[in-house]
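Asks: Residue-level listing of the chains:
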Amino acid sequence: MMDILSQLDFTFFLLASIGTLIGIIFGAIPGMTATMAVAVCLPLTYALGLEHGLSLLLGLYVGGISGGMVPAVLLNIPGTPSSITTTFDGYPMAQKGEGERALRVCVVASLVGGLISAAVLFLFAPLLAEFSIKFSYVEKFLIILLALTVIASMSNNMLVGIFSGAIGVWLSLIGTYSLSDGGNGNTRLMFDFMEPYLFEGFSLLPVLIGIFGISTILLEAESGVKSSLTGQKIKIGKEGGFSLSIFKGRLTNLVRSSFIGTFVGMLPGVGGSAASVLAYTQEKNLSRDSSEMGKGAPQGLIASESANNALTGGALIPLLSLGIPGDSTTAVLIGAFTLQGIQVGPLFIPENTDTWYIMMVALVAANIVMFLLMFYAIKYIARVVLVPKYLLYPLIVMMCVVGAYAINYGIMFDVWTLMIFGVLGYLVQKVGLEVAPLIIGFILGSSAEVYFVKSLESFGTLSIFFTKSPIAVVLWGLIAASVIFSIVMGLKSRTRRQLEMSQ
Amino acid sequence: MEASSNSPLSVSIDFETSHLFFPHIIHWVLAVLFVLVLLFRVAPFLAAVKRGEKALPILGESRDNFRFFGTLVLIVAYFYLMSVVGNFFPYTGYGFLITSVVFLFLMSLMYMHTRTRRKVVTAAINAVVAPTLAWVIFAKVFYITLP
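Keeping their order, the protein sequence lines are chains D and V.
Be aware that the first sequence starts at 0, since it is given in numbering that gives the first Met the number 0, and climbs by one per residue.
Be aware that the second sequence starts at 0, since it is given in numbering that gives the first Met the number 0, and climbs by one per residue.
Hints listed in this document are in silico derivations from the structure and should not be mistaken for laboratory results.
We put the CB at the ideal spot given by N, CA and C, even for glycine.
Keep in mind that a hint or two might mislead.
Stated by the list, open to error - Straight line, CA to CA, 30 angstroms or less: simulated DSS-like cross-link-like pairs of lysine-lysine:
#, chain 1, residue 1, chain 2, residue 2
1, D, Lys-283, D, Lys-247
2, D, Lys-283, D, Lys-294
3, D, Lys-225, V, Lys-139
4, D, Lys-453, D, Lys-225
5, V, Lys-53, D, Lys-378
6, D, Lys-247, D, Lys-95
7, D, Lys-491, V, Lys-53
8, D, Lys-491, V, Lys-118
9, V, Lys-118, D, Lys-225
Said to hold, decoys possible - So the derived label-pair ranges between C-beta atoms look like this:
#, chain 1, residue 1, chain 2, residue 2, range
10, D, Pro-195, V, Thr-91, 22 to 32 angstroms
11, D, Gly-96, V, Val-34, 34 to 44 angstroms
12, V, Phe-87, D, Asn-75, 43 to 53 angstroms
13, V, Ala-54, D, Leu-461, 39 to 49 angstroms
14, D, Arg-187, V, Ala-76, 56 to 66 angstroms
15, D, Arg-187, V, Val-31, 46 to 56 angstroms
16, D, Asn-75, V, Ala-123, 51 to 61 angstroms
17, V, Pro-43, D, Val-473, 34 to 44 angstroms
18, V, Val-41, D, Tyr-375, 17 to 27 angstroms
19, D, Met-500, V, Ala-76, 32 to 42 angstroms
20, V, Asp-13, D, Met-411, 51 to 61 angstroms
21, V, Ala-42, D, Leu-461, 25 to 35 angstroms
22, V, Ile-124, D, Leu-490, 53 to 63 angstroms
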């Protein structure tokens, strides 16, 4: 225990604060997300030690998710997808001159959501890890299959989701079937001239930075980098008006929304908007006085913001216990962990207990810093929303380059990977495929191959995937359930659409 | 990977070709999914395009061509010249520093909708200060390799 305390020096908390601040700024600028914040700031962690790197990254994550509330309330633009429901009640409040009050409600809700999910993470992740430690290759393969089906079934369209995931898996197979994984070391899915560059396949982090950084820039450039915000005045409203009594009688809402957020966060690949939308509609359905929601009711803000901040702890659960990222930000985190020499998976918590506790401290610290920064300095932070994009975007491209180039100690091909996947990410979003399943497929694809092929090599029959253990059967049940769920939801929305058409 | 005769589910994988086993399956999965996507998503979508209800992505949409292609050209030139210039000054990171200053300034100019003196000066200051700061922090303080 003393070891841990000695790691928690001043720098640790300073980095957590810096990370949170940068994260808030990224989250507050519309079009930029927590994922981008983590991706762009990755090179900063290369030179830091494990603990310090973690505190910076978790700060970025928490800050990035929280920052989205600022433009949501003040400008009616969600800063990140997960603050979409914050606009419903936040903007009406800001128009009434209650901007600061609205933001402070959001900040408190965010803190509670973040801390509840951190507590769930702390209690639940070790249990799940202990449970999954006994998994053989068969169950591990099925877990990945389950993760991919869940992602797909949560996409707008399941077929498109699965297709995107399969493309991600395919991309991950480029390169060698690695000898260290028991493969034969031969390359596949490429032409001979590509071998010097792609022998190891595409590196994870340049791929992620390209897809989340460069393609965003391309999408913005396409629409002309409109500075729709210039000339807009930010009305933060009058001082005060906030007291904790707003939360009176809202405890159920707060706790329910936090748990919804945590749970949605756990499901792999489900974006933040799902969590806040679900929490918001639940509050609308269950609360006795929901008539004011949408016109500027604090309870809507509470539901939305506690849910989206609860995502953080939730998304870390499958990451730390199974090695499966819960959303696109944790997908980037997995890369950053690998860089620090951490292999996330069932063995992570039992073998790195100190690191695990340090992570928890960093997560809680980041939430508290987020609270302090945003509660007391919200007025100043709100101004970053107006930073002109013509200054910001070139900077982002530059940071992407640093991140990609330095990752493998100076390989120019990694910088070109940025470009390839930047363009690919742009095209994928243009033709209507989904980025999240693709990325998760890419991250899990090569392990899926190893688990699948090894299972067959040792058992020699496909039936082993059904008969290996009771857990395998349960996993198949879950896979079937998520497929059926998605089909039923698809049919429901189709009949609803037809009803609307006929009316 | 031919199925042996004793059970329809039996599989044996030849080590020599084991690197192709999984990709082969994925190809089939992709092919089947692609056909399904064509049938259920692309065909209805194209029908809607024909009726004039929807626009084709990329081709049928309005786009700021100058900024879009300008961004692509600038980024490619930036990446390419970075290593070219970097080769003149190996292991110093000057390639990164010099090309970044130029790139930041040009991209800022391109993204501005109105060019006032004040905006251009801000962009110029940003273009000089930011890469220098990044270069000092990464190359000098952290000893991270830059082109």
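Asks: CB of V:Asp-13 to CB of D:Met-411, is that within 51 to 61 angstroms?
Replies: At roughly 37 angstroms between Cβ atoms, D:Met-411 and V:Asp-13 fall outside 51 to 61 angstroms, so the hint is violated.
Asks: Can you let me know if the beta-carbon spacing of V:Ile-124 and D:Leu-490 is within 53 to 63 angstroms?
Replies: Distance hint for V:Ile-124, D:Leu-490 holds at roughly 58 angstroms.
Asks: Note whether the CB distance of V:Pro-43 and D:Val-473 lies within 34 to 44 angstroms or breaks it.
Replies: holds, 37 angstroms
Asks: Are D:Arg-187 and V:Ala-76 spaced within 56 to 66 angstroms by their CB atoms?
Replies: Violated, at about 33 angstroms.
Asks: For the range 25 to 35 angstroms, tell me whether the beta carbons of V:Ala-42 and D:Leu-461 fit it or not.
Replies: holds, 33 angstroms
Asks: Against the 30 angstroms threshold, does the CA-CA distance of D:Lys-283 and D:Lys-247 hold or violate the hint?
Replies: holds, 17 angstroms
Asks: Are V:Phe-87 and D:Asn-75 spaced within 43 to 53 angstroms by their CB atoms?
Replies: holds, 50 angstroms
Asks: Checking one constraint from the list: CA of D:Lys-491 to CA of V:Lys-118, max 30 angstroms. Satisfied?
Replies: violated, 52 angstroms
Asks: Run the distance test for D:Lys-225 versus V:Lys-139: straight-line Cα separation, threshold 30 angstroms.
Replies: With Cα atoms ~36 angstroms apart, D:Lys-225 and V:Lys-139 exceed 30 angstroms; violated.
Asks: Would you say the C-beta atoms of D:Arg-187 and V:Val-31 sit inside 46 to 56 angstroms of each other?
Replies: violated, 20 angstroms
Asks: For the pair we were handed, D:Lys-491 and V:Lys-53, check the Cα-Cα distance against 30 angstroms.
Replies: Distance of about 23 angstroms is within 30 angstroms: holds.
Asks: Holds or violated: the 17 to 27 angstroms window for the beta-carbon distance between V:Val-41 and D:Tyr-375?
Replies: violated, 53 angstroms
Going through the hint list in order, the structure does not satisfy hints 3, 4, 5, 8, 11, 14, 15, 16, 18, 19, 20.
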